[in-house]
Amino acid sequence: MPGLPGAFHWLIYVALVVCLVVAAWLFNRRVRAAGVSPAELAHGLRELASKGPGEALAVVGAEVFGQRRVRRRPYAGLMHLLIFGSYGMLTLGTVLIAVQHDFTGRFFGVTFLNGNFYLVEKALLDTAALGLLAGVGMAAWRRLAIRPVTLGARPTVVVAYAALAVMAATGLLLEAMRELAYPVSWSHWTYAGHLVALAITPLVGRLNLGAYQATWVVHVLAAFIFMGGALATALDHVVLVPLNIALQSSRAPGELRLPFNLAELLESGGDLEGVSSGFANPSELDWKRRFMLASCVNCGRCEEVCPANAAGRPLSPRKLVQALKGDLLSPSDGAGDLFARGVLDTDAVWSCLSCGACARECPAFIDQPGTIVEMRRHLVEEGNVDEAKALVLAQLERNQNPLGLPSYQRFARLAEAGVPTIEENPGAEYLYWVGCMSSYDQRAWGVASAVISLLRLAGVNFAVLGESERCLGECQRKLGDEAGFQMRSMEIAETLRSHGVTKIVTHCPHCLVTLGRDYRSLDMEFQVVHHSELVQSLLAQGRLPTPKSWEGGKLTYHDPCNLGRLSGVFDAPRGLAASVAGESFVELERSREKSFCCGAGGSNYFYKVPAQESVSGLRLAEAQAAGASTVATACPFCLSMLEDAARTAPGGQGPRVADLAELLAEALGLEAAAAP
Amino acid sequence: MDLAVVVSEAGADAGAGVTLARKVASRVEHLVIALPGGERGASPAADARYVVELGEDAAPEDLAAVVSAFAESHGAQLVLLAAQPIFREALPLLSVSLGAAAVTDATDLASGADGLVATRMLYGGSALAEVAIQRPRAVVSHAFGGVPADSTAEAEPVEPTAPSGVRKVLSRRRLPSEASLKGARRIVSFGRGVRSKEDMAMITSLAKALDAELGCSRPIVEDMRWLGSDHQVGLTGTTVAPDLYLAVGISGQIQHLVGMRDSKVIVAVNNNPAAPIFEVADIGVVGDLYQVVPSLLEALGAAAG
Amino acid sequence: MRILVLAKHVPDTTEIRFSPTGELMVRQAPTKVNDYDRHALEEASRLRESGAEVVIASVGPPEAAKTMKEALAYGADRAVLAGGAWVADADPEAMAEVLAAIARREGPFDLVLAGDVSEDGYNALVPGLLAAKLGTPYVRGATALGVGGASVKVTRLVGDVEEEVEVALPAVISVTRLLNSPRVISTMAVMKVPMSKVETVDLAELGLDPAAFAPGALSTRVSAVRPVQSKRGNEMLRGEPAEIAAELAAKLRGMGVL
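Residue numbers (this note's numbering), protein chains in the order written: chain E, 1 to 676; chain X, 1 to 305; chain U, 1 to 258.
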């Protein structure tokens, strides 16, 4: 370094060590405040590594270096990328200089920052400095002018951002001073520094060593203040979020935590006292979930996509996580659970539609819906739920469906349509899981009727369980009765196994997710496909004819959350929609993974929460805005909710709402299923 | 059977009880429970008529004691109590003090080969049971309500027994009748067939004409917000079981049906003959509610006039 | 304070049906704690929180032991279930006799709580019969309870009159569904109740003569059960609005619902 006494040089290393120690101390304080010991964290990471860190690394790579989720918001994404990317580049550049200067060069006489590589590096570092300034500028503009509710200009954050800006600006200034003192021919490569040099040329007379040294000290101080102090600010997410992403990377969308495996619990004959499935207070959570809550950045993306929040229900996933995080870091006074202490209102947890939009959006990989279900579990175990929810649970026990209709009427419509039971047709390739809605609701029966007609036309050998079919317990699980759900799942799995069932088709995405993923997590494996997948493959194989031309105007498709975002089935239903409507198919604004709930998810079909608007109404308005005269869906609950909304659509007649199977059966001229 | 005693509260017609008792007993006496100096009520076709005056504060224990003494002294084999709240508590006490068999809410009585047989509902009304009485005496309450009658025929007074003093009545107040779907006997409910908020007036008049409560389906509350949620019938609203449920312009989603399917008589008005509501209806009217409802109002008005 | 709660094991009436040959199919129906008794259990459980001892008494088949676990999950100390072959025919009088024997054996109790009725038989007799047999006061229809030192105040509805009465303890009180909102009993809560809290007793252990419980010796006996046809009429009226309206009004009048 030109013009600096040697001691300065070595002081940097001392400062770096101090800085790292301070950062480590702050990190330790941070995680301990959340009730996580660094030992636990280290153990968790070792465990992750021993299980094969490939998946976690891939996810962290995509999210941290690829900024996959962060990029989804243009302004915040660009700002974040500028700051994160520029800072990363500057750090890397500085490290390279240090390595060459104090290690390879000093001891081995090897230098690598030469020639074109050096020039390009210089240009990149100048760009990074400008990028950092731009990023901080955007951050300042956002916090001071745009002011989203979630962001303020707390002093610690101001200091951190100021440090970054000062670091970048003084870096360029130093570069300019060096250029003025020692002009070089390649100064256009350090274009930013060069521009600064041009700007300060009039002051050149007053530039002396003292000014240079002072600038340098400010530069280094700023860098170290940021590095050492970031963890004391909201910028602690730089460390917390990548770690949390790694820890949460294996969670499938919508997957709920298994608090116990009831089958194993019963088999072991262990004492059930003290076993619980949810949490009464955040302090009871295991370290991993405490760490998860602590890593919330309060960015507000969950809130933006939350259908409950959009409908004016008393739930914002951001506020909910922040309340839990706040209570974790400094518990409020008072006795009892978090509801008794006023941390949250029970209406907030009952407002959740379990649609998974927030979790899909969260850049920190926080599991808001799962956390909410765990609070519901606590409420159910305490018996602290209102009559409507209690009734659903009671009716599930008594009538084996959440509607409270007699179990023996479940088979009535199917029997009339002449569908064989698995006893009558033990050689069936597929078991058709009809579900409660289509078994009892005449409108939803139309879906089953269409599926039956299509399967018959394609010559698929299928059967149903008949009267021994019963609710799979999706609503029970979402309501929080985990033990009841697991008990039910064991009994149903036993029924299915006793008939040798392996392949199942269902038109209900709630059943699909439950029988497929949830039962598998309890070691009960069945191959389950959604009717849209099976019918689409029957079309592709030519086992179903191509439908006649469509004259129904614009057709759009509403992705059911449980089918799309939570099961990853997007293309088969679109294939069906396209084969029915061809060119008349239009996408909704929020489609595929970004789909917006119909309002029935998370058991919300069965009870009421306070709201300003209906979720289904919001979704239907979107379909109307797309000019759709028909809204296709692939879930009996979505069908019911959206059809209801269509009936009350402003301006009289709303669009027609129908299941894809119904539209296809209609296009093929099939009659309602009747006894053959 | 030689003697049955029919017991009823004054101001109510005991006709149903006397008719029922006649089927199994050759002589029927009527014991009226009256307030001091109050109305006496009618005793249609009874062979004899008695009245006992009990204060408003009289306990079921006192009621049981006086009826028990009466039945003992007259040698009645059957005490038949009217379907009135005051007898519900007294019945078991009475049966124990008479050593009699007890049966509640009988819908029929008959003399079987081995004695008296009462018919009553079981399992929430899904079955009828015949209950054979295996004691020489029985205390039975019947399930038929009476209509107030104003006859003031002569009756022989019966001395009440001394008050037991078992219970103290601390307060008593008549509750203002509150409109509520839950216990309503008649409900007129409407759905999206009603096109505008103004048209609700038509439905309200119908409800008024039928002396019915006003109900509605979910979209009316949640999407249209024409009514508060206390009017909503269905899964996420109130579950109702009135004597008459008149559904106007309701298609009959399962969410609505599970909330009203236990109604005694269901009438549906809908212009779509394929509407699911017709599946659960006793009477379905296929037609435009904008024509049917005014006509119905007229038909009901004519009946009232 | 010692409280006895009567909790009945009943089949779920919404699942009871007749076979095509007209036989009543009760066996297949799921069973549960009588809904009305849940309110009594809830009330007792709240009193237990302030120090009362709560014992549950019931009469039922062997499988009622599982139902007793559910009843215990509301918060009670133990349950006594009287059973035997005689249970199948037991009438309300016989049940009250057995429950009275339990009350004497486990007693003395200050308060006996029960639901006003049971969902299966709907006799509304057992609590009153029990009170008469124990020689205690009986108040039914409780919508609110206030238990004092030596007496209990009961608020109840008689027709549209709300009255508050006070009776001395010990007393039998039967309750309505307006009394409280029973907590939800989760599957886990039931599983956590140890079976050892349920004691099963027979007539001899209660000092009762089995001969008195033979079908022929009971005060009443169900001699026949037949289905009630409750299928909807599905009668459709079509035509001129004025004519249909008149027809409808006439029909409703005929049905006695106007």
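I should point out that these hints are in silico values taken from the structure, not numbers from a laboratory.
Where a beta carbon is used, it is the ideal one built from N, C-alpha and C, also for glycine.
Where hints are given, some of them may not hold.
[What the hints assert, rightly or not] Non-contacting residues of chain X with respect to chain E, defined by C-beta distances greater than 10 Å in every case (computed):
#: 1; residue: Ser164
#: 2; residue: Glu198
#: 3; residue: Arg218
#: 4; residue: Met224
#: 5; residue: Gln291
#: 6; residue: Pro294
[As the list claims (entries may be wrong)] Okay, derived cross-link-like pairs now, DSSO-like style, lysine-lysine, Cα gap no bigger than 27 Å in a straight line:
#: 7; chain 1: E; residue 1: Lys594; chain 2: E; residue 2: Lys319
#: 8; chain 1: E; residue 1: Lys608; chain 2: X; residue 2: Lys168
#: 9; chain 1: U; residue 1: Lys251; chain 2: X; residue 2: Lys264
#: 10; chain 1: X; residue 1: Lys208; chain 2: U; residue 2: Lys192
#: 11; chain 1: X; residue 1: Lys168; chain 2: X; residue 2: Lys208
#: 12; chain 1: U; residue 1: Lys251; chain 2: X; residue 2: Lys168
#: 13; chain 1: X; residue 1: Lys208; chain 2: X; residue 2: Lys264
#: 14; chain 1: E; residue 1: Lys608; chain 2: E; residue 2: Lys594
#: 15; chain 1: U; residue 1: Lys231; chain 2: U; residue 2: Lys251
#: 16; chain 1: U; residue 1: Lys66; chain 2: U; residue 2: Lys231
#: 17; chain 1: E; residue 1: Lys288; chain 2: E; residue 2: Lys319
#: 18; chain 1: X; residue 1: Lys23; chain 2: E; residue 2: Lys608
#: 19; chain 1: X; residue 1: Lys264; chain 2: X; residue 2: Lys182
#: 20; chain 1: U; residue 1: Lys66; chain 2: U; residue 2: Lys251
#: 21; chain 1: E; residue 1: Lys548; chain 2: E; residue 2: Lys594
#: 22; chain 1: X; residue 1: Lys182; chain 2: U; residue 2: Lys133
#: 23; chain 1: U; residue 1: Lys192; chain 2: X; residue 2: Lys168
#: 24; chain 1: E; residue 1: Lys608; chain 2: E; residue 2: Lys319
#: 25; chain 1: U; residue 1: Lys153; chain 2: X; residue 2: Lys264
#: 26; chain 1: X; residue 1: Lys182; chain 2: X; residue 2: Lys168
#: 27; chain 1: U; residue 1: Lys66; chain 2: X; residue 2: Lys182
[As the list claims (entries may be wrong)] Chain X residues, not near chain E, derived (Cβ > 12 Å throughout):
#: 28; residue: Ala48
#: 29; residue: Glu130
#: 30; residue: Gln134
#: 31; residue: Ala155
#: 32; residue: Ala162
#: 33; residue: Pro163
#: 34; residue: Gly183
#: 35; residue: Gly191
#: 36; residue: Gly193
#: 37; residue: Pro219
#: 38; residue: Thr236
#: 39; residue: Ser251
#: 40; residue: Gln253
We went through each hint and held it up to the structure:
no. : hint                     : verdict
1   : Ser164                   : 39 Å, holds
2   : Glu198                   : 15 Å, holds
3   : Arg218                   : 7 Å, violated
4   : Met224                   : 6 Å, violated
5   : Gln291                   : 19 Å, holds
6   : Pro294                   : 22 Å, holds
7   : Lys594(E) with Lys319(E) : 21 Å, holds
8   : Lys608(E) with Lys168(X) : 43 Å, violated
9   : Lys251(U) with Lys264(X) : 14 Å, holds
10  : Lys208(X) with Lys192(U) : 53 Å, violated
11  : Lys168(X) with Lys208(X) : 41 Å, violated
12  : Lys251(U) with Lys168(X) : 48 Å, violated
13  : Lys208(X) with Lys264(X) : 20 Å, holds
14  : Lys608(E) with Lys594(E) : 25 Å, holds
15  : Lys231(U) with Lys251(U) : 17 Å, holds
16  : Lys66(U) with Lys231(U)  : 34 Å, violated
17  : Lys288(E) with Lys319(E) : 20 Å, holds
18  : Lys23(X) with Lys608(E)  : 52 Å, violated
19  : Lys264(X) with Lys182(X) : 14 Å, holds
20  : Lys66(U) with Lys251(U)  : 48 Å, violated
21  : Lys548(E) with Lys594(E) : 31 Å, violated
22  : Lys182(X) with Lys133(U) : 36 Å, violated
23  : Lys192(U) with Lys168(X) : 43 Å, violated
24  : Lys608(E) with Lys319(E) : 21 Å, holds
25  : Lys153(U) with Lys264(X) : 36 Å, violated
26  : Lys182(X) with Lys168(X) : 31 Å, violated
27  : Lys66(U) with Lys182(X)  : 32 Å, violated
28  : Ala48                    : 50 Å, holds
29  : Glu130                   : 25 Å, holds
30  : Gln134                   : 34 Å, holds
31  : Ala155                   : 48 Å, holds
32  : Ala162                   : 46 Å, holds
33  : Pro163                   : 41 Å, holds
34  : Gly183                   : 16 Å, holds
35  : Gly191                   : 8 Å, violated
36  : Gly193                   : 10 Å, violated
37  : Pro219                   : 4 Å, violated
38  : Thr236                   : 5 Å, violated
39  : Ser251                   : 8 Å, violated
40  : Gln253                   : 6 Å, violated
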